[in-house]
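Chain residues, written in single-letter form:
There are 2 protein chains.
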Amino acid sequence: MKEIQFTCPAPLVAADCVLLAHGGGGKLTQQLIEKIFLPAFRSPALEARHDGGVVEAGGARLAMTTDAYVVHPLFFPGGSIGELAVFGTVNDLAMCGARPLYLTAAFILEEGLPLEALRRITEAAAEAARRANVTLVAGDTKVVDKGKGDGLFVATAGVGSIEAPNAIGPAAVQPGDVILLSGDLGAHGVAILSVREGLEFESPILSDTAPLWEPVEALLRAGVEIHCLRDLTRGGLASALNEIASARGVGMRIEEALIPVSEPVRGACEILGLDPLYVANEGRFAAFVPAAQAGAALEAMRRAPVSSGAVQIGEVTPEPAGVVTLRSRIGGSRVVDMLSGEQLPRIC
Amino acid sequence: MKEIQFTCPAPLVAADCVLLAHGGGGKLTQQLIEKIFLPAFRSPALEARHDGGVVEAGGARLAMTTDAYVVHPLFFPGGSIGELAVFGTVNDLAMCGARPLYLTAAFILEEGLPLEALRRITEAAAEAARRANVTLVAGDTKVVDKGKGDGLFVATAGVGSIEAPNAIGPAAVQPGDVILLSGDLGAHGVAILSVREGLEFESPILSDTAPLWEPVEALLRAGVEIHCLRDLTRGGLASALNEIASARGVGMRIEEALIPVSEPVRGACEILGLDPLYVANEGRFAAFVPAAQAGAALEAMRRAPVSSGAVQIGEVTPEPAGVVTLRSRIGGSRVVDMLSGEQLPRIC
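Protein chains in written order, with the numbering used here: chain U, 1 to 348; chain C, 1 to 348.
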């Protein structure tokens with residue numbers, strides 16, 4: 001009798017090796033953070049569990065963040081790893097209430113990568129930096145042998161100056177806060193997967209990759225008391241809400257009927273067997289603000305083209321602690337848990 | 001008749017693909033910077049051609065830098081990729097005259113990496129951060145499929161606050177400056193290569209990986225007018241001097257007899273066919289200071305254990321512009337050029 005073989009990305013929680021799911025933004029990613037990174041590096045900035053660390057340097061209040069980008073393929077409808085690497089990091093700064101100022105980029109190239117691809121990616125990143133109004137101030141390039149990489153990986157880090165008057169992060173979220181969503185979900189993940197699977201749609205679904213400081217600045221200028229912001233990348237809306245609910249020990253209730261998903265994305269998700277709540281976005285975020293300011297916040301967000309489709313999708317509840325509940329279109333309720341495994345590897 | 005095949009890492013200057021030598025810190029790395037990165041990202045910080053960018057944020061004068069680490073193997077005598085990733089970035093800040101404050105780390109893990117290896121590397125990095133007195137404030141982890149990476153890559157970025165009163169960089173180097181070297185050359189490169197080649201020495205040669213802010217701070221406290229600092233990583237002393245000579249349009253003259261290389265390293269270099277001038281170090285730097293301050297500078301450097309072996313090895317000359325000349329032990333002179341190809345791939 002043949003033994004059953006479990007292979008990645010099954011959620012082997014007791015695995016002693018790195019699995020693809022460790023990079024998926026779900027439970028295994030959280031375990032890696034809890035069990036390996038946090039115990040080694042404990043610092044108040046890390047323990048805030050936010051998208052970037054808030055620090056003081058030379059009297060200035062700054063946010064600092066980093067991300068590695070390993071998206072496959074390197075080019076996809078609506079963008080490339082070049083835009084992602086700039087907007088992804090810029091957006092983590094924006095989610096701290098910080099105006100993005102400076103970026104660094106460290107490239108890991110695989111021997112044999114066409115220089116023309118490198119040039120296109122570099123130009124896309126440079127154009128993205130201009131659009132996001134940030135300056136690249138330092139860079140590095142390493143090359144690994146053929147077969148020891150995958151074309152190009154890049155890690156960017158960013159520094160921004162904090163413009164929010166109060167601390168933004170999971171710790172500031174309150175029962176009674178409303179949950180705002182900046183636009184429709186799922187375009188980035190579906191754009192990537194459509195290339196990988198060779199799917200063609202009537203009109204191609206483009207990644208939503210975009211910089212998000214503009215709507216955050218609009219919220220600040222409108223005087224909205226922002227409690228928390230989170231961009232909805234790896235693991236999508238569901239993982240972002242779960243992370244915050246669990247870090248803060250509150251519940252959240254969202255309404256399926258209020259969550260915008262475009263028709264083409266909904267159709268593609270059905271074909272591909274994906275739940276749009278878990279699909280990665282690269283130009284969408286959730287905002288937590290006091291209920292009394294919901295109207296002013298939505299108005300401010302809608303003034304920025306990137307979040308013209310902003311809507312209120314739910315609210316924060318005192319309990320059940322750490323649980324996100326979805327009221328479905330037909331009136332039933334279900335728990336929206338964090339993914340155990342990996343829905344879409346190498347999406348960003 | 002069989003056609004001759006040139007393969008990497010031969011210096012195919014007109015190659016249309018990335019070669020290992022593009023990551024070697026020599027001529028091809030410079031070409032990549034000149035032809036692809038600088039035209040796309042032009043900024044004063046990048047054009048200063050230094051180890052980090054100098055920026056202003058919220059009224060503070062900061063240095064910012066990044067490096068990707070792809071060293072193979074991950075563990076070697078005297079350290080691991082964990083220490084390298086911290087000290088390498090911290091040292092780039094120190095070379096800007098900046099006190100290292102904050103780090104970020106972005107890991108790219110290959111599926112199948114033993115979690116125990118990740119734990120050891122993380123702990124080594126955390127211990128290195130404590131030793132260098134920096135705080136890790138943000139991190140990220142991505143996972144790539146087995147066969148699309150090489151165990152673990154990591155990119156770190158750092159922010160430091162500039163404590164030097166004057167601008168430190170190639171532009172400040174003057175004819176008449178002396179060139180100081182902080183200690184003996186070549187231990188890091190030889191430590192790596194000894195593992196790769198399975199060489200055993202009577203007493204193992206340990207990597208010199210170490211943080212360098214302490215001697216820089218000592219120089220500043222002693223009131224030395226530092227013109228330029230450069231840590232001697234990829235491409236070693238020879239590449240560092242060539243980069244600065246060429247960026248500033250000055251000549252440099254160094255004395256072979258004054259350049260310390262330990263007996264074990266010298267012996268290993270002979271066996272391995274390496275020139276210690278080009279071998280990577282991870283805890284050594286060169287300092288350019290006015291001749292009148294050479295004594296004070298050496299005294300300050302020697303007070304820090306990491307640079308107790310500091311010596312003067314040469315001086316800056318008005319010409320020939322961009323050329324580094326070595327006077328050999330037997331009295332002859334030769335030009336020490338930048339490497340065209342790749343002496344030691346994946347050394348850091």
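Hints are supplied without guarantee of correctness; some may be wrong.
Derived pair list, reagent style DSBU-like, types lysine-lysine, alpha-carbon separation capped at 30 angstroms [as the list claims (entries may be wrong)]:
id, chain 1, residue 1, chain 2, residue 2
1, C, K148, U, K146
2, C, K146, U, K35
3, U, K148, U, K27
4, U, K146, C, K146
5, C, K27, U, K27
6, U, K146, C, K27
7, C, K148, U, K148
These are calculated hints, taken from the structure and not from any lab test. These figures come from a predicted structure and were not determined experimentally.
* Asked: Are there hints from earlier that the structure breaks, and if so, what are their numbers?
  -> Of the numbered hints, just 5 does not hold.
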